[in-house]
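Q: One-letter residues, chain by chain:
Protein chains: 2
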Amino acid sequence: MPIVKGPQVFPRSEFLRRLAAVKTEMGRLEIDALVVENSSDITYLTGYTAKSGYVPQALVVSLAEEEPTFLLRRQDAPAAIHQTFLDPGKIIGYPEALIGNPDKDGFDAVIDFLHELGAAGRGVGVQLDCLSAKSARKFESRLPETRIVDCSHSVAWIRMIKSDLEIAIMRDAAAIADAGVLKAAEVIRPGVREADVMAEVAAQLARGAGGKAGTDLASMYFCSSPRTGTSHIRWSEDVIHDGSQINLEVGGVRHGYVSAIMRTFSVGTPSDRLRRIHDAEVAGLEAALGTVRPGAACSDVANAFYRTIEKFGFQKDSRCGYAIGIDWSEPTASLKNGDMTELKPNMTFHLMLGNWIEEDFGYVISETFRVADSGCEVLTKAPRKLYEL
Amino acid sequence: MPIVKGPQVFPRSEFLRRLAAVKTEMGRLEIDALVVENSSDITYLTGYTAKSGYVPQALVVSLAEEEPTFLLRRQDAPAAIHQTFLDPGKIIGYPEALIGNPDKDGFDAVIDFLHELGAAGRGVGVQLDCLSAKSARKFESRLPETRIVDCSHSVAWIRMIKSDLEIAIMRDAAAIADAGVLKAAEVIRPGVREADVMAEVAAQLARGAGGKAGTDLASMYFCSSPRTGTSHIRWSEDVIHDGSQINLEVGGVRHGYVSAIMRTFSVGTPSDRLRRIHDAEVAGLEAALGTVRPGAACSDVANAFYRTIEKFGFQKDSRCGYAIGIDWSEPTASLKNGDMTELKPNMTFHLMLGNWIEEDFGYVISETFRVADSGCEVLTKAPRKLYEL
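Those protein sequence lines, which keep their order, are chains A and B. The first sequence begins at 1 in our numbering and counts up by one. The second sequence begins at 1 in our numbering and counts up by one.
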């Protein structure tokens, strides 16, 4: 039996608006078809959030068609019919024989489709960033008459400015992230295994907040003493002890959208060094948020932070954050010195002020914010403090 | 202060043995250096499990050096020092200026290192499957005198046969996966939100089993009526109701190693259709496991399954599984008709018998198994039944 359409998070008009912006960009680039391989871009343009992107799949946007065509593994086609706004006729499942096959894969089905579409002799956009070298060569060799244009980040720049509907979802995601932080503060205690803390935090991130469930679990990091100088360790086998410091990074997820937050925890009285950097970083965070308004540049936000913590005698080597939305990190603007991207209303960023100062010492704090019409809306709301437990 | 070495899961001799096998293969391919970008291969060769692979990083194995050199983002270098067996001098953090920079990235640092190593004029292996088209072109253009050899799966084929130490860890991971299934059976009830079930399951997978914590959360899928014909949906916003069928896929993780399991649940009495396919699939599963022994081919295992379920009037389009180990799916052998890879002791597979028969109906069952000296050891042990709740 055919699978039914699931509840739709966004109305059809929202997807058509997004596609219209993509088609305008395609016109500018003089391409008739755009092959979208990036999973986050596919989520943006269709509503698809199932995790099938570990095998080839692509959404083909054609100037000649209102709806794009989604080519994916046959086994995953029912999920695409269920989750997306697309007409089921626009979803093409390629055969299982293309899985685990050294000679042909799903991109051969995509290229066959481009030939059927008549796009082969014209301009076609592909996302080279998402294609392995082997797959890119296949596109070139099987489409010899085609002018192939790299559109790696074309959709990412369009999705950088969120609609109010997307912002509402990111607010819900932020509330879930906040709940994760508060749960950590509740369960971090001497004698508790780190894994048991993260069990409770993960459960909270799935349960969600305000009656709205988490729809996925994003990456989470729990870097405790003596690992506070590291940034991407899930958690360790250690038991928490008196004197431990914990740097936590979690995200809440709703319908593919992520809002992220970092907070630092001290079991027992924090050291002077920890308290000093906390004070500096909170001052820097507030200075950075204070510069956020339409017309300012990403660089301004970062420099407000850098200048402030320098007054406290600190510095930070890494960038101060990045655009956030679908699947955590967007490959567009960075909050860093020299990034002159102009802030516009409804852009969203993870102001990520993790500061790994020495091999064995770091501190983290962050917020997810939206550029508002005249300033800044901070989406994450967990108390902006050094959590003493 | 320098970060201390963390507890090591494997002795140094284990890593040197793995590296010796890689170097033998490098000799066969006549390459002096191998650039390993695949995160799972890096875990295999060093013990590194932090999740920094979303920016460029590479392990460079040189025939001239006992230990390889790990080049990664400076911010992540302390985690590499802490987690790996490598001498800290073999870990090189590249500057933060290479992050979010459209002109240069971490692969430029890797290529600089290859020049320093004197490898530029000789044979160098790279993993084209892990490199975007842009990055592959960078290697070619910046190493014009170098004979570049694609080694995408060279390490994956070596790590396909596990050591007894690795098998012990995969047994622990399997016990965690089993605990996830049993937790699901405990909490799936009418009126419960799917997200609340997965909150409990995720928590169990982090807590672990037998006193051994989960060290990460692998992908998890909860595909319920009317979505049992889908395979990669995390979970939905629905509340479980009487008559629901649920297809669950989870993995337990220990130190980077995954063991996976699938089971099907029926809330209330299962339909005749569901019971018939369950009986067929269990018979097929047992027939497949019965063929596993050193010297048999992957194809034999798959065909034992296919032949058995055909007797029951069913068929399955997709392959019957794949090699499993670090990070779930290994890109080597598949359990499918025509894959003549010979089974050898301590190869491990996910015998994945998910069968998505109609758009709105599917059934799942799977086991993770090891090829034993004379037969098969099934690592996952949750009852092999249709769970009626």
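No wet-lab data here; the hints were simulated from the structure. Hints are not guaranteed to be accurate.
[As the list claims (entries may be wrong)] Pulled from the structure, derived: some chain A residues nowhere near chain B, Cβ distances all over 10 Å:
id : residue
1  : P7
2  : I92
3  : I99
4  : W157
5  : D196
6  : Y221
7  : H241
8  : R275
9  : T308
10 : E342
[As the list claims (entries may be wrong)] With the C-beta cut set under 8 Å, the calculated list includes, among others, these residues of chain A facing chain B:
id : residue
11 : L128
12 : A195
13 : A199
14 : S219
15 : P270
16 : T291
17 : I357
18 : D360
Yeah, the Cβ is synthetic: ideal placement off N, Cα and C, and Gly gets one too.
Q: Each hint should be assessed against the structure and marked as holding or not.
A: Evaluation of the provided hints:
1. Against chain B, the non-interface label of P7(A) is violated: not every CB pair exceeds 10 Å, the least being about 7 Å.
2. The beta carbon of I92(A) sits about 14 Å from the closest Cβ of chain B, which is more than 10 Å, so the claim that it is off the interface holds.
3. For I99(A), the non-interface assignment is contradicted: its Cβ lies about 6 Å from the closest Cβ of chain B, within the 10 Å cut-off.
4. With a least beta-carbon separation of about 13 Å from chain B, W157(A) lies farther than 10 Å from that chain, consistent with its non-interface assignment.
5. Against chain B, the non-interface label of D196(A) is violated: not every CB pair exceeds 10 Å, the least being about 6 Å.
6. Against chain B, the non-interface label of Y221(A) is violated: not every CB pair exceeds 10 Å, the least being about 8 Å.
7. Residue-level check passed: H241(A) sits 15 Å from the nearest beta carbon of chain B, beyond 10 Å.
8. Under the 10 Å C-beta cut-off, the non-interface status given to R275(A) relative to chain B holds; the minimum distance is some 18 Å.
9. Residue placement check: T308(A) keeps its beta carbon more than 10 Å from all beta carbons of chain B (closest about 19 Å).
10. With 10 Å as the threshold on Cβ separation, the claim that E342(A) sits away from chain B holds: the shortest Cβ distance comes to roughly 17 Å.
11. Interface restraint check for L128(A): the shortest CB-CB distance to chain B comes to about 4 Å, inside 8 Å, so the restraint holds.
12. Look at A195(A): its Cβ gets to within about 3 Å of chain B, closer than 8 Å, so that hint holds up.
13. Here the hint on A199(A) is kept, as its CB sits about 4 Å from the closest CB of chain B, short of 8 Å.
14. With a cut of 8 Å, the hint placing S219(A) at the interface with chain B holds, because the nearest CB-to-CB distance is about 6 Å.
15. Nearest Cβ of chain B to the Cβ of P270(A): about 18 Å, over the 8 Å cut. The hint is violated.
16. Proximity of T291(A) to chain B is violated relative to the hint, the smallest CB-CB distance being about 19 Å (cut-off 8 Å).
17. For the restraint placing I357(A) at the interface with chain B, the shortest Cβ-Cβ distance is roughly 10 Å, beyond the 8 Å limit, so the hint is violated.
18. The beta carbon of D360(A) is positioned within 8 Å of a beta carbon in chain B (closest approach about 5 Å), and the interface hint is therefore held.
Checked against the numbered hints given earlier, this structure breaks hints 1, 3, 5, 6, 15, 16 and 17; the rest are met.
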